[in-house]
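Student: Each chain, letter by letter, is given below.
Protein chains: 2
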Amino acid sequence: MWTAHPLKESMEKKKVVIIGGGFAGINVARRLTNPHLDVLLLDKKNHHLFQPLLYQVASATLSPADIAFPLREILKNHKNASVLMGEVTRIDKNAKKVYLPHSELSYDYLVVATGARHSYFGNDKWEQHAPGLKTLVDALSIREHILLSFEKAERLDDPQEIEKHLTFVIIGGGPTGVEMAGAIAEIAHSTLLKNFRKIEPSKAQILLVEAAPRILPPYPPSLSARAQKDLESMGVKVLINTKVVDITEEGVKTDQSFLSSKNIIWAAGNQASALLKTLDTPLDRQGRAVVEPDLSLPNHPEIFVIGDAACCMNKKGIPLPAVATAAIQQGAYLGKLLNKQVPKEKRKPFKYFDKGSLATIGRAKAVGFFNGFTFSGFFAWIIWAFIHIVYLVGFRNRYAVLLEWYFHYISGARGARLIHRSIDQ
Amino acid sequence: MWTAHPLKESMEKKKVVIIGGGFAGINVARRLTNPHLDVLLLDKKNHHLFQPLLYQVASATLSPADIAFPLREILKNHKNASVLMGEVTRIDKNAKKVYLPHSELSYDYLVVATGARHSYFGNDKWEQHAPGLKTLVDALSIREHILLSFEKAERLDDPQEIEKHLTFVIIGGGPTGVEMAGAIAEIAHSTLLKNFRKIEPSKAQILLVEAAPRILPPYPPSLSARAQKDLESMGVKVLINTKVVDITEEGVKTDQSFLSSKNIIWAAGNQASALLKTLDTPLDRQGRAVVEPDLSLPNHPEIFVIGDAACCMNKKGIPLPAVATAAIQQGAYLGKLLNKQVPKEKRKPFKYFDKGSLATIGRAKAVGFFNGFTFSGFFAWIIWAFIHIVYLVGFRNRYAVLLEWYFHYISGARGARLIHRSIDQ
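Line order of the protein sequences matches chains A and C.
All letters in the first sequence, in the order written, are residues 322 to 746 by our numbering.
All letters in the second sequence, in the order written, are residues 322 to 746 by our numbering.
Simulated from the structure, these hints should not be mistaken for lab results.
A few of these clues could be false.
Any copy will do: because identical chains look the same in the list, a pair fits if it lies in one copy or spans two.
[To be verified] Result set (EDC-like, lysine to aspartate or glutamate): computed pairs, CA atoms no more than 16 Å apart in a straight line:
no., residue 1, residue 2
1, 414, 429
2, 400, 521
3, 657, 576
4, 446, 571
5, 485, 472
6, 519, 479
7, 485, 333
8, 365, 521
Could you build the full structure based on these sequences and the hints that come with them?
Tutor: Right under this line is the structure:
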């Protein structure tokens, strides 16, 4: 492994500032046990969020607390590490400082792990009609919107208006889109059964719109076909080769037709955090910082960008996917490197180990592939469930999620069908 | 029991409108199985809320979904009953109609079970600085405020400012005030242990302010003393005989001193729902409708007011307390009465069975009394926990709450330490 730094230099206390408490950030922070490092983890939120299960909050199965864990708890026993809540607005590479609204902090090493938001490809006004799913607040707002639509439909008389409230359009056939479409189909066809007297939730239309010729484009074609078949058996209409042209309050205009709907969810496109623009370093089309093989910035061996904020090439020169496993591996790599303060010239390049991909479609339905093997159905779903429980932070969260899944699995019920907003707002 | 109504009259379909899905409302609705009744349950929210555990959401132990249950699920198998989400703005006794923002509904029988909000005794501007605890939105906002205060204190330098953020003032020494004070003491002294580097959460000051000469005034004096002792052992300062004179952004002015604090919680005073004013019927000082022995309004045998919205006298002419057991019993009584459509002259008066009172102070600490017996400590806490689990609606909720309590009991941790808001807002 790497040789440790000469004793003298490592005796000086070095400040490591980590921006972002996602998978990448916490996996660096946890490994920085060297007492000569002074570690500061900054985040806008007070918690780490387990994003792969966020769609289950949006679809009323899990509660926010089930998939979130306080950052302070994660680093509670690391005496050299502290956590500060706040938003970094600017980074000055030359002064070696990061700026918050009311203060500034200097660093010796900087780790930028600020993730990504969804992107509307330049049509930012679509966001108000087609919210995306990245934070707990997003998820709660989508959950409330879906549940309120059924409530509003029950109060309406005009059949056209009712239909508009019972039509759900999900844009983007990646994992998030597939998972949301499956979950909404289950809500309509199973969870809400016998709950209404006037409307029939089972007649709700769920449309999944994808511009490419198949859903789950990075998956093997056989799995895309399987996922589409599974979704269709659950009542989802899959519209492939369909490009979104415009989104309004009344629905989605595609290059094929107009989809009249009061429920539009955006699950397409990623854009890295805007903070990266203040770094004055080359960014790719998605706004991610292009990093060197050791995840540092060109000419700045003391600044690292990891996770969804980084454009990190694999051996074939293709950027790594924006997935949790890549972020976790980068965090672990960087944690070891910084813990030993390996100088630039001695750093071995980061190597990504592809652990495959998995996406759920619904109860007991999933697709996945690893190392050339594909799997689907109940078996894939069990693997999916197991992996997600293992990676969740916190004992309590694991038990709480397992309990919710158990109740959901046996009855189709959803434990978090809460509307906080007034229906007449 | 009551004799059923003559067949002919009961064959006509009668419309029963119930406003409010709290303890009182759902206990009426559940019993109306007579197919000749057309039952409609109206509520501003889509869920029934188990208010006795609301303080545990405000203190980050439970999630909103743990103590809420969809109203539609409760009445799912009652084919003669439907649920509608919406806020009733006015009742017209003579036209026998209730009005919602965009519609009106007529009734043959009306049940008003709209509960109460907290009251500021005419000082409504205090609310912005000292929020009360009645709804899930209230609880989430208080939770966020408490957690954000510790985060802000950690970022501050001025010792006075830090102290202000770490001082918590709870106004009102009734069960809610006692429970909140105990819970905040536990957060500061146990939950947040080792979580901060600059501030010491255990030095937080928790002040419980009560105007009367003892806390828990309706309890036997020995229990008030025990509760105060328990609170003090947990680090709560109990200020009795202390009247609140003014509340500002900077703290609470009492007739004794000024309590400088950024965290003020209002747990004093109740005011029945403003909707009752549109009934044009005698109200008591707390705005509750004065009801007859059969819970109907004077001269209106078809309108009933129950739960916290009603001023219902016991045999001694003292109004019943605003507690869940009274609401549940009134709901059950009225459910039976309406199910058989008993005419006014044959209605037996409602009889309240006093099941005693219980209040928790903290982990393994509670006080209670029943039928002249008093109990406290671990034994009282076990009874408290058992009763609260039994009365919770829904299997899932019972298991979820038990699981949270288990984790909280063994480790002092709190599962729902979530801040959604930005710290710099």
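Student: Could you place residue 400 and residue 521 in one of the four classes (within, between, both, neither) given a Cα distance threshold of 16 Å?
Tutor: The answer is between: 14 Å across copies meets 16 Å, while 57 Å in one copy does not.
Student: Go through the copies and call it for residue 365 and residue 521: within, between, both or neither, with a Cα cutoff of 16 Å.
Tutor: Answer is neither; intra-copy 42 Å and inter-copy 22 Å both fail.
Student: Treating 16 Å as the Cα threshold, decide for residue 519 and residue 479: within, between, both or neither.
Tutor: within (12 Å within a copy, 60 Å between copies)
Student: Reference check for the pair residue 485 and residue 333, CA-CA at most 16 Å: within, between, both, or neither?
Tutor: neither (64 Å within a copy, 36 Å between copies)
Student: Using 16 Å as the alpha-carbon threshold, which applies to residue 657 and residue 576: within, between, both, or neither?
Tutor: Answer is neither; intra-copy 50 Å and inter-copy 60 Å both fail.
Student: Taking 16 Å as the upper bound on the Cα-Cα distance, should residue 485 and residue 472 be classified as within, between, both, or neither?
Tutor: within (13 Å within a copy, 44 Å between copies)
Student: Is it within, between, both, or neither for residue 446 and residue 571, if the alpha carbons may be no more than 16 Å apart?
Tutor: within (14 Å within a copy, 40 Å between copies)
Student: Up to 16 Å between alpha-carbons, please classify residue 414 paired with residue 429: within, between, both or neither.
Tutor: within (11 Å within a copy, 74 Å between copies)
Comparing the model with each earlier hint shows violations of hints 3, 7 and 8; every other hint is respected.
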